Amino acid sequence: MRIGIDIMGGDFAPDAVIEGAVDCLSSLSSDETLVLIGDRSYILWKLNEMKIDATRFEIITSTEVIEMQDHPAKAFSQKKNSSIAIGYRMLKNGTLDGFCSAGNTGAMLVGASYTVNVIPGVFRPALATLLPCTDGRRSVILDIGLNPDCKPDVLLQYGVLGSLYAKFVLGIENPSVGLLNIGEEDSKGTPAVKAAYELMKEYPGLNFTGNIEGNALFRESMTDVVVCDGFVGNIVLKQAEAFHSIFKSRGFTDDYFDRLDFENIGGTPIVGINANVVIGHGISERKAIMNMIIQTRDVVHANLARKILDAI
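To convert a position in the sequence shown, counted from 1, into my numbering, add 735.
In short, the hints are calculated from the structure, not lab data.
Among the clues, some could well be false.
[To be verified] Straight line, CA to CA, 20 Å or less: simulated SDA-like cross-link-like pairs of lysine to any residue: (1) K983 - E1020; (2) K902 - K809; (3) K814 - K827; (4) K814 - T840; (5) K1042 - N852; (6) K827 - V857; (7) K902 - L941; (8) K809 - R824; (9) K902 - I1029; (10) K902 - T840; (11) K827 - M736; (12) K786 - K814; (13) K886 - I970.
If you're wondering where the values come from, they're calculated on a predicted model, not measured in any experiment.
My request is simple: use the sequences and hints to build the entire structure.
Shown next as structure tokens:
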């Protein structure tokens, strides 16, 4: 297994990305290789400073950087020697099994569209992340920002995609699926959500348990998969981050609330494309980068893209 890492992407790159990659080494098996894509001379200097043998990595040179302020489509097209563009080319030609970056999110999404493409039959890819539950479980929520306005058939398919993620990445055999809404009754919600409810209720093989309200999230009542459009999902995600920040600023320590820390999650997979890609938070530091890489490895191990292709 070969996992590509964009060394140049993120507010604290390249140092934090190299440090996070080093921290992953102890978690790797003998058949897993980390491929560092970036400024070769700086990578070698940094590894030497950390007293790490550079031969423990494969290093691919990039000479350009897609900056956070760059226009995603224009930068991806014009900066062909950037770490993001090189990573996607390697994914497309099969020399990488997975790729992750904490860099320009728009460029990462454009790269997926321009190179590895959407899985045939998938209406719209989604960004997915994990929500911690008070009973120790983890649930997957999608979409969290890629598609702010979704039609009913897209929401139905998110239930299917989320179920495949929960089954093959989280190891849940028959994951329960809930549709995030303002009430449990099937008469509640926008026209799109009400129509999606009817589609999900009738879809064979989907363990749909009905609508789920916001006050059921993060608790024992949370389903294994939570479906919503990207507008709602992003608000849920940012609210969780805010609560963790408030607790931390007040000096509280709690194992459960520590699980709300984005650094412990690492990144968000793009679900529904022909490759295993994880996008990290732009403000990721060493620990978050490490977890982003580990999450990418888990998605590759699950062969998620192939499982979705077979199921759709």
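These are the hints, each one checked on the structure:
no.	hint	in the structure
1	K983 - E1020	holds (17 Å)
2	K902 - K809	violated (37 Å)
3	K814 - K827	holds (17 Å)
4	K814 - T840	holds (15 Å)
5	K1042 - N852	holds (16 Å)
6	K827 - V857	holds (18 Å)
7	K902 - L941	holds (12 Å)
8	K809 - R824	holds (17 Å)
9	K902 - I1029	holds (18 Å)
10	K902 - T840	violated (26 Å)
11	K827 - M736	holds (15 Å)
12	K786 - K814	violated (32 Å)
13	K886 - I970	holds (19 Å)
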